[in-house]
Structures are given as C-alpha cells and as structure tokens.
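J.: Residue-level listing of the chains:
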Amino acid sequence: MEDQIVRITSRLVAPFIQVYGIYVILHGHLSPGGGFSGGAIFGASLVLVALSFNLEVGAKQISHDTASVLESGGALGFVITGLVGVAVGANFLANRSAGFPLGEVGELFSAGAIFIITAFLGVKVASTIVTLFYNIIEGEEKSGNAH
Amino acid sequence: MTEVLTEALNVLLLLFLVVCAIAVAQIRDMLSAVIVFASFGLIMAIVWQQLSSPDVAMVEAALGTGVTTLLLIAAISKTRRTE
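Protein chains in written order, with the numbering used here: chain A, 14 to 160; chain B, 1328 to 1410.
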C-alpha cells in the first residue's frame, strides 16, 4: 500500500493516539478505561503505522522480538506485583495490607497496587496486539510456504 | 423533548446497525465488506456509550473498529480480494 494521503494522515495522527492511550492507561483507577482499553488504543496506533508505511518502519518502532519480550514481561510484572502481597504476609494481590502507599483519592499517583497493575496490563495488551499483527503478516514467510 | 430526541437517535443507530450487519453478509467485495464492518463497529461504540458503559465503548472503538479492520485488511492483502 503506497498511498501518500494514508501515510501523511497516519503519521500526523499516530502521536495523538499514543498519548491518549498512555493517558487512558495511567488514569485507569480514576476514569473509565484502564489497562485493557488504553493498551488496545496504544497497540492500534503502532499497528496503524506499521500497516500504512511498511514493516521496516514498524519494526523500527517496536520489533517482533521486543513485542514478545514486553508481552511476557507485562504478565510477569502483574504476577510479581501480586506476589509482593504474599511475600509481606497478606493475600495474593493485596493492596493496602501489603504496604502499597494509597495516596489521596482522586490524585494520579494513588490506589497503590492497582496503578502498578494497570500499567503492566497496558504494556501487555499493547504488545499482544502488535505481536498478533506481526504473526499474521510474517507467519507464512517464516514457515517457508509463501507464494 | 430531550428524551424523545435521544430515543429517536437510539432507534436510528440500531437501524443502521441492522443495515450494516446485513450488508456485511451480502457484499461480495471483501475490502468493501471490511469497511462496512468498521462502520458497524463505530456505530456499536456509540450504542455502548448510550448504554452508559464508556469503557466498553472505548474498547469497541479501538479493537472492533481499529485493530480488527487492520488485521482483516492484512489478511486480504495476503489472499484474494473478491469471493
């Protein structure tokens, strides 16, 4: 797809989509949305750039291997945040009883473990969507039966 | 007055949804079907908002309209365009 209008539009729009995605992820405990919604928005912008330009430009943003590592790392961070509660002596995914600072209600850095978990979830969902896209595009070429 | 207008808007949106759903199944050109499906997702996002679940609307707009369309276009570019 070599279309100049699509290229220029997606290049102009992509940064705004990404900032909005990060905003939705970081305000997950305050407003509608959260890790899944924000991660989906952020991942969609990365896929948009990769599709409207070509795979090399997309891989310069985030490569297939980096996306796979981030995907596993997001899930790992989620579990480790939950296990902090077990290590301290409270339940799995414990928030206040595990000693996370709760902060003031309504402020950005508040709600303790929920803020951290939402951030990890956003990274996980965004990189999952990118990995899905790369698997569809590259899947056949890697197995060697592309025509 | 406002309730009547909102009701009219909801009926209009749902009618558009039905028309889009039938059109997706009927259209033979794959690329056109994908684009009609994207507009189905966009209207569905507004309907979710009307049902007062803004987070579902956000996911529908990002996944149902954005990522699904992009993945289907990627699939079309790998295969034939007409059925």
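Worth flagging that the hints you see were computed from the coordinates, not collected in a lab. By construction, the Cβ of each residue, glycine as well, lies at the ideal position given by its N, Cα and C atoms. Mixed in with the good hints there might be a few duds.
[What the hints assert, rightly or not] Listed next, the in silico DMTMM-like pairs over lysine to aspartate or glutamate satisfying Cα-Cα at most 20 angstroms (straight line):
1. B:Lys1405 with A:Glu120
2. A:Lys73 with A:Glu151
3. B:Lys1405 with A:Glu117
4. B:Lys1405 with A:Glu84
[Said to hold, decoys possible] Just a sample of chain B residues kept apart from chain A, beta carbon distances all over 10 angstroms, derived:
5. Thr1329
6. Thr1333
7. Leu1340
8. Phe1343
9. Cys1347
10. Gln1353
11. Ser1366
12. Leu1369
13. Pro1381
14. Met1385
15. Val1386
16. Leu1397
J.: Is Lys1405 of chain B close enough to Glu84 of chain A, meaning Cα to Cα at most 20 angstroms?
T.: 26 angstroms, violated
J.: Given the hint that Lys73 of chain A pairs with Glu151 of chain A, test it: the Cα-Cα distance must not exceed 20 angstroms.
T.: 16 angstroms, holds
J.: Minimum Cβ separation between Leu1369 of chain B and chain A greater than 10 angstroms?
T.: Holds, since 14 angstroms exceeds 10 angstroms.
J.: Between the alpha carbons of Lys1405 of chain B and Glu117 of chain A, is the straight-line distance 20 angstroms or under?
T.: 52 angstroms, violated
J.: Regarding the assertion that Pro1381 of chain B does not contact chain A, is the least Cβ-Cβ distance greater than 10 angstroms?
T.: 4 angstroms, violated
J.: Just to be careful, I want the Cα atoms of Lys1405 of chain B and Glu120 of chain A compared with a cutoff of 20 angstroms; is the pair within it?
T.: 47 angstroms, violated
J.: Taking the shortest Cβ-to-Cβ distance between Thr1329 of chain B and chain A, state whether it exceeds 10 angstroms.
T.: 23 angstroms, holds
J.: Would you assess whether Leu1340 of chain B, listed as outside the interface, keeps its beta-carbon beyond 10 angstroms of every beta-carbon in chain A?
T.: The assertion about Leu1340 of chain B holds, with a minimum of 20 angstroms to chain A.
J.: Just double-check Met1385 of chain B for me: nearest Cβ-Cβ distance to chain A has to come out over 10 angstroms.
T.: 4 angstroms, violated
J.: Does Gln1353 of chain B sit more than 10 angstroms from chain A, CB to CB?
T.: 26 angstroms, holds
J.: Could you let me know if the closest chain A CB is still more than 10 angstroms away from the CB of Ser1366 of chain B?
T.: The assertion about Ser1366 of chain B holds, with a minimum of 17 angstroms to chain A.
J.: Test the statement that Phe1343 of chain B is away from the interface with chain A: the closest C-beta pair must be farther apart than 10 angstroms.
T.: Its Cβ never comes within 10 angstroms of chain A, the nearest being 23 angstroms, so this holds.
Violated hints for the displayed structure, listed by number in ascending order: 1, 3, 4, 13, 14, 15 and 16.
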